[in-house]
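Chemist: Read off the chains here:
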Amino acid sequence: MQPWLRNLLVLGLIGFVFLAASQVALAFEAEDLPFSFGPQGWQTGLGLSQETVKPMGLLGYEKTGIGGFLTQAEGQEQALSWFSGHKQVILGNIGYSLELFGGTTGRPILSTFPSGTQPHVGAYGEFSRMYGSVGHGLAGQAQLSVSEVGEFEYSIIPYVQFTRQGVWRFSVSLGSSFGFGLSYQEPRERVKLDIALVSEGLSMHVLVSLSEHPLTLGAGLTQEQAQVFIRYWF
Amino acid sequence: MKYRLGLSAALIVFLTALISCSALASAEDSPTKTIQLNLNQPQVEEEPDNFSEKYQQVMQEITISEEAAAVVDQIKAAVEDLKDLAVDINITEIRERRNEEVVLHLMVSIEHKLARIEFNEPSAVRGMILVANQAEMQVHIFQPVTNVIVVRGLEDASKEALVALSIGQDLTQLTSYFDFSQYNVDILEKVELEGGVTDYLLQVDAPEEEIWYVRVRDDSWFPHEISVYEGEVLQGTMRLSNVELDPGLSVEEITCLPDAKIEKM
Chain G
0 MQPWLRNLLV LGLIGFVFLA ASQVALAFEA EDLPFSFGPQ GWQTGLGLSQ
50 ETVKPMGLLG YEKTGIGGFL TQAEGQEQAL SWFSGHKQVI LGNIGYSLEL
100 FGGTTGRPIL STFPSGTQPH VGAYGEFSRM YGSVGHGLAG QAQLSVSEVG
150 EFEYSIIPYV QFTRQGVWRF SVSLGSSFGF GLSYQEPRER VKLDIALVSE
200 GLSMHVLVSL SEHPLTLGAG LTQEQAQVFI RYWF
Chain E
0 MKYRLGLSAA LIVFLTALIS CSALASAEDS PTKTIQLNLN QPQVEEEPDN
50 FSEKYQQVMQ EITISEEAAA VVDQIKAAVE DLKDLAVDIN ITEIRERRNE
100 EVVLHLMVSI EHKLARIEFN EPSAVRGMIL VANQAEMQVH IFQPVTNVIV
150 VRGLEDASKE ALVALSIGQD LTQLTSYFDF SQYNVDILEK VELEGGVTDY
200 LLQVDAPEEE IWYVRVRDDS WFPHEISVYE GEVLQGTMRL SNVELDPGLS
250 VEEITCLPDA KIEKM
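Residue numbers (numbering that gives the first Met the number 0), protein chains in the order written: chain G, 0 to 233; chain E, 0 to 264.
No wet-lab data here; the hints were simulated from the structure. Check each hint, because a few of them may be wrong.
[Claimed, not checked] Calculated cross-link-like contacts (lysine-lysine; reagent style PhoX-like; alpha-carbon spacing at most 20 Å):
(1) G:K53 <-> E:K189
(2) G:K53 <-> G:K86
(3) E:K263 <-> G:K62
(4) E:K75 <-> G:K62
(5) G:K53 <-> E:K260
(6) G:K86 <-> E:K263
(7) G:K62 <-> G:K86
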């Protein structure tokens, strides 16, 4: 595929996601400046997000939103970007979500950990069912690389989840790669942790939100790279 | 009471109405403690109409024995004097040969204008906690599926409930849930229990061809079972157990929620 066509496709998808998902996106409600350091050196950029919430009955609601970020690495010609539109529906103890995304970096784990990859488009879906403090769910992700090779990747992730001093989730990843995962989320979501052991190796990510300051600190470690970042929300 | 719409629905609306009523005054505010609805509509002076006359006419047509009338009055008095209440509620609704069961724990403080529902069954709502604060006009709903506490306006939440239940047209009925004095009431059964307690089974001829069978004991005069029939067909049953009348609920007892992120809608 010609580079110009590839870029056009990515831009077209991003535009579609924005147009399809934005309902009243007159202004973005959350903006942030990410500063990160990783294998590509220092990266800076801008993140934007917009979300609307609509009640569904007394015990349910629906969230629709868009979001994304653009970062530029030091000494790199091309910027890294990732944009998505999502919808989440919660009805009692049942929740499901759908996300369409595209970009030139991988789907964020916990939050933004920019790592360059082939331009791609994809979809992520999740179904969750709780029974009080325990529950289970199924997540799935498919991703198509917008390149000459056109590589297709997918994963199906069943998981169990329970709440005890936070939310714990144990998952298995099936599909293009096989592995296990553990994630933890502190009750007020100030601390998030994700550990995954997949075919590519071990990866760990941690995210800490400072409640007194508009800052989020993150650190990620995979077999190939380590990364730290600060996001300043304004 | 619109049992046709479901006992569970009626209960939720009853709760919502309870805490929505700004006139659920404390004993200091009103010696008679009547329940009034504040529907956030501008108050207008009552226009003279023949409603009272018709009401009296209807009341005269009601036949009720002295004993039944005494029981009905006792039930009404028990509810009117309440400051707060804690009760386990089990609602079984029969829908097309299926029994749908809702189990919840209800705590209401009229004094603090607070209410709390903890859902235990069905599993689709198990673990959910709803706290309604009429003073702040807010509802806090703990959602286990996202481990988030959603905060909504009480007025909006009430509308959602009422719209869902399609009974917004006749809210005045909510005040008469345990007031059976406007219906024909018969005592079908009197059973002497241990400890000198008498258990009454009342038959209430409700409107729209509904018949309610109400069980109440004379130790509390708070109904502990209400079965609703439409003709010969059982529609559902609501059982009230572990009833605590005026247990002195604190604000903290009613409003405490799991430690979770708060999201305002």
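Chemist: For each hint, tell me whether it holds in the structure or not.
Modeler: Evaluated hints:
1. G:K53 <-> E:K189: 51 Å, violated
2. G:K53 <-> G:K86: 11 Å, holds
3. E:K263 <-> G:K62: This hinted pair holds, its Cα atoms lying about 12 Å apart.
4. E:K75 <-> G:K62: Roughly 44 Å between the alpha carbons, so the hint for K75 of chain E and K62 of chain G is violated.
5. G:K53 <-> E:K260: 18 Å, holds
6. G:K86 <-> E:K263: Between K86 of chain G and K263 of chain E the Cα gap is close to 18 Å, so the pair holds against 20 Å.
7. G:K62 <-> G:K86: Given that 20 Å is the threshold and the Cα spacing comes to 6 Å, the pair holds.
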